[in-house]
Amino acid sequence: MVWKAWRIGDVIHYPGTQEVEKYVYTPGIHGLEFAKALKEGRILGMKCPGGIHVPPKTYCPDGSPGELVEVKGPWRIATFTIVYEDIYGNPLPEPQVLALIRPDDARRGGLIHIVKADPDTVYIGMEVKPRWKPPEQRTGHITDIEYFEPA
Amino acid sequence: MRTNIFVKDRVAVVGAGLTLFRRRLQETPRELAWEAARQALESAGLTFDDIDCIVTGTAPDAFDGLHFNGEYIADAGGFGKPTVRVYVGGGTGVFVPVAAWWHAASGLCDTVLAVAEEKMSPAHPHPQGVFAYIWDPILERPLGPNLIWIFAMEMRRYMYKCGAAKETIAKVSVKNKRNALDHPAAQAAANITVEDVLNSELLVWPVNRLDISPVSDGAAAVILARENEARRITDSPVWVEGIGFTLDNTHWYNRELAFPRYVNYAARMAYKMAGIERPWKEIDVAEPYDPFDYKELHHIEGLMLARPCEAPKLLEEGWFDRSGELPTSPSGGLLGVGNPIAAAGLMKVAEIFWQLRYEAGPRQVKKPVHYGVAQAWGDLMQAGTVIVLGN
Amino acid sequence: MSSRSGRPQPGWVNPPGHYLKRDEMYSLVGLVEYPPRAKYLFSAGQAQSRFLMGLKEGKILGTRCPRCGRVYVPPRMYCEYCHTHTLEWVELPGTGVIHTAVISYIGTFRERRKEPVIVGVIQLDAPGYTPGGYEFAGLFHRLCGVTPEDVMSGRAIGMRVKPRWRPPEERRGDINDIECFEPIEG
Amino acid sequence: MGATHPNIVVGTPITWVPLMRRVAIVGAGWAGFRPQVPELSFRELVFEAAQRAYEDAGVDPREDVDAFVSCQEDYWEGIAIADEFAPEPIGGALRPTYTVAGDGLQGLAQAYMMIKSGAFDIVAVESHAKPSDIVTLDGIYDLALDPHTIRPLRAANPLFTAGLDAVAYMSRTGASRVHLAMVAAANKRMGLHNPRASYAGRVTVDDILGAPYYIYPMTRYEVAPFADAAVVMVLASEEAARRLTDNPVWVEGVGWSTEVGTGAVEYHKWGHMPSLKAAGLMAYRAAGIDSPTGEVGFAEVEDRFSFMELLSLEELGLAGEGEAHKMLETGDFSPGGYLPVNQSGGSLSVGVPFEALGLWRALEAYLELREHADKYDVPRAIVASWRGPPTYTSAVAVLGAQ
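These protein sequence lines map, in sequence, to chains A, B, C and D.
Each step along the first sequence adds one to the number in the numbering used here, with nothing skipped, and position 34 is 34.
Each step along the second sequence adds one to the number in the numbering used here, with nothing skipped, and position 331 is 331.
Each step along the third sequence adds one to the number in the numbering used here, with nothing skipped, and position 115 is 115.
Each step along the fourth sequence adds one to the number in the numbering used here, with nothing skipped, and position 354 is 354.
I should point out that these hints are in silico values taken from the structure, not numbers from a laboratory.
The hints are all genuine.
For lysine to any residue, the following SDA-like pairs were computed, each having C-alpha atoms within a straight-line distance of at most 20 angstroms:
id: 1; chain 1: C; residue 1: Lys114; chain 2: B; residue 2: His126
id: 2; chain 1: C; residue 1: Lys39; chain 2: D; residue 2: Val135
id: 3; chain 1: C; residue 1: Lys59; chain 2: B; residue 2: Pro142
id: 4; chain 1: A; residue 1: Lys39; chain 2: C; residue 2: Leu31
id: 5; chain 1: A; residue 1: Lys22; chain 2: C; residue 2: Phe109
Small disclaimer: the values here were computed from a predicted structure and weren't measured.
Please model the entire structure based on the sequences and the hints provided.
The following block contains the structure:
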C-alpha cells in the first residue's frame, strides 16, 4: 500500500448475503430408498465389492453401482468426539457427543449421529442402539433416529 | 503461451457421455456426475479403474447449495484419485477438458476424466435469485439486478452496433431448438417459429423468454488420454489440437459490449496452438456458447468464424444450419438441449467429439468434418474458453 | 458411421436420469429443505470506500493511473493494465452518454414488476480514453426520463445524461445515493 | 505437433523435452496474515501480494507471465462465480486466467503441469482469504456438510469431523493428549520468530492440558484460528528460471488426491488420511524419491488440528505408522533434529487463510530454502496440506534448492 485512508472509520464494511429462501435437496436414487426405510424403522446399506457400506450412496468406491441391503446391528461406536464449544468458541450449555456408528456387518462407513450418554463414559467399541422417533412422526430423514444410546 | 510444437504428448478425447438435461432430476449432484462418467467410460469401453486423474467442473456453488461443490462430486470417477475442480463461471464446461489436457500433456496422467455437473433446481423460490450474487456486492447488487439485465444490455448494444433485428436473432433460437429435436437428452427441443419467440413472455426488452436457455440439472463427461493410451483405447481418437482461455477485467461496464474480445483472445490462443490461420475456412463445425440466442452470433464473431457484425447476415443465409457451410450448435445448444451451466459447456465439447467421429446420428452435419471448435463464456462478460478438436 | 461391429454406442444415445414433476419432487420422502445462512460484511477497501464517501457528498470520484493515464470509475487502487498503484484521485463531472439501455419487466427473483425499470451502462466523460474506443470509464445504473420508445428505437444510445442525486440527508455512502441517470435537457 | 524442439539434436524423440523440463518457483509475495485486515478489500490485499511476488521474481505480469491461476471458493468470498474478481489484482486481466476451487497447493500443481506440458513458460499462482468478512462462518461450513445424512443433525460445531479423526488416530496409535499438546506448544512458540504468525505465543504443554476443551480431544490452542491473507507465487520453466534468478527453488514433484467426496464423508478411513498418503506417493514418484527417509531437509505439514501434524508425518512416510508421537518425544521434529517440522510455526500460529493455506506452506518452505538452504544436509522440503474439514483432499509438493 503506498497510501491509505486516514482512519479506520474511513473504510466501509458493506453488509451482504449469498442466500436464497431455501434449498431443496432431492435424496437421490439410493437416498430415496434409504429414506423410505428410515420411515419404517429400518436402516439400509449398500453391498459393494469388499463388503457392505453404510449409508447407501448409489455407487461404490470403485465406481460400480451398489446394491441395497438391510443392515443389522449390533451398532458400535467406531470413533467419536465431544463438542464443547461452537465454532466461535462459545461454550455450549451441554457438551454434544457425536460419533461414527457402524453396524457389525458393515465394512466401511456408518452413520454419523448424536449419542446421548455421559461424555466420560463413551469409548470406541461401545455398543449403542438407535432411539427411533414414534412411527407417526417419522419423515424419512436421518433425524427419524433421535439419537443413539448405550445398548 | 507457446505453440504446440513444444508440447510433448498429443492428447485425444476417447469417450463422452451425458445425463438427461431436465429442470428437476431426482439424482443428487454427485450421482449425476457419476452417471455421466459411467456413460463416457462405457462408450469408450473403459472402467473406472482405467482413470488416472479427475478434473471436475461446476459453476456457482450457490445453485446446488453446496459449499465445496467440487469436493461433493469429487469421487464421481472413483475414490482416492487426484482430483481438482477448475472454475471459470459459465466457461467452466469447456475449461474442464482444457485443464484435463495439461494433466495428460504434462505426462502426469495417462487418462483423465473431465466431468462437469450442475443442479440449478435446488435454489428456491427461483434459481434466477442466485444470479443476484454474481454481481459486485457493493456497487451492483444494491441496485436489485436480475442477471438477464446484463445479457439484455449486451444484446441491445450488439443490435445497435450491428443493425441486427430481433427477428434475425430469434432465428438462432428456432434453429437450435429444432436441432435439439434429434437429441435424446434435450430439455427444450421444439419446432417453433420466429413469431413464437417474439410473442413469448417479454422479460427484459429486448429479451423474451424463448431467447433464453432453460433452467436445468444435468452432467456431462469426456475422457482424455495421452497418445499411446488413446491409440490403444480406440482407432478413432479425436485430438485436442488447441486450447485457449481468457479472463477479461471485472468491470464489464467499462468496456464496449458489442464485441467479445475475451472470446476472441481465447480463440486466437487456441488457433495459434492448433496451427489454424483461417478459422472461417478451416473449422468445419462449431459449438459456440448459446445461453441466449444473440450470444451465439456474438461468439461466432469472437471465434472469427464470421467478421464482426457479419453473423446475422450469414445466419439469414442458412450458413449455420446443419446442412450449411459452417454448422453451429448442431447439438441443439443450450437453447435446445438445456443449460446445466458447467455441464452444458462440456456437452458442446462432447458434441464436437461425436461429430468428428461421425457418431452424432441424426445430428451429424452434412459436410465432411476435420476440425471442430467448442467454446463457452462465463462471468460478467469476462471469460472465454475455447477448445479445438481434430480427427 | 465408421464404427466397428460390437463397439459400444456413443454416450448420448440413452442418457440416464430421473425427471420429476414439481409436485413429485415436493412429495419425495427424504427431501431436505434448508434455509441457508450466508451473511457477510464485505471490506470495501481503500478505493471503493472513498468512492462511496464521495457519493455521499454528491461527487463521482475516480483514480488515475500514472503510467497509462486511464481514469478508473469505479476506482481501484491499481491499474489493471499496467499493474501499478493508482494514487491520484480525480473528480468527474458525472456527465456522460448512454452506452446501452434495456427495459426490465422482472425483478431479481424473476417476479413480474408492477412498473418496468430502465437500466443501462453510462459511459462517463473522463480523461485518459480514446473517444469511441473499446474501454471507457463508466457505471451501471438506472435510467430515468428515458422512455421505452427511446430504448427500443435506439434513440437512447448516445443520449447525454447526468446523475440525479438523492437529497443529501438521504445519502448513505451507497451506489443508491444516485437515484438514476437522467437526460441533460437541451 | 510432432516437430522437434529447436534445442534438441535432431533424432532425439520429442517425448524427452518436457520430461527434462524442470519447474521452479522464482518469486513469491504475501500480504496480510493477520486475524483481520479491515483496511483492504480482498482485491487490494491480493494486489499487494502480487506486487511483492513480481518484484521478487523480476517479472512484469503484463508482459512475461503466460497464465494465471487463482485458488478460491465462492462461499468463502460471498460472491457466486468469485473468479470474476480474480484477474485484475494479479495482472491477469484479458490474459489466460482461471480459478481452481481448491487449495493453493492444488493450484501450484496445476501451474506445474501447465509448464511441464511445454505450452507455458511462466505461470503465476494466487490464493487469498478474508475470513473476517464472513459473518456466519458456521452457516457456511454447514453448507459443506452432506444435506441428507449429516447437516440435519445440527452438529454444534461443523469442525467436529476433525474430532472424530483425532480420537480414531489416538486410539490406533497410542498417541496421548500430551503429544497433541506438545505439537501445539512447539508450533505456537516457533511462530514467535515468524512475521506472519499472528497466533504465536509462549505456550506450554501444561497451559494446553489445563485449558477447556474445544472439540474433544482438542483445546482452542490445538485448533488453528482463521486469518486474512494473500499469497502469490511465480513458477517458471527451467530456461526461464535460469534467466530470472540465480537461486530458483525447484518444484521436484507434486501430488494431490481426494479420498472421498464430501457427499460420502462416512466412507472416510477414520484416523487415517489416505488422500495425504496418495498425494505424497505421487509427489515422491515425480521427484524420483523412493523413500523420503534421509532425503528431506525439513517439512511444512498440515497442522490445522494438533493431531494432524503427527498423522501427516506418518501418512507421508516421514515417520513409521504409529511412530510419530514417539519421535516427537525424542525431539526428532524440533529445529536441529532429524527432521525439523513446521519451523514456521505451522497454521497453529499463523492461522488458516482458507485456500491460501497450502500455498502459504509452500511460501514458508520457499523462503527457508532460498535463505537457509545451507543449513540442511539435503536442501529439500516436503510441503503438505489438507483441505478439510469436512473434505478429504490433500496436496503435497516436494521443493528443492539444488
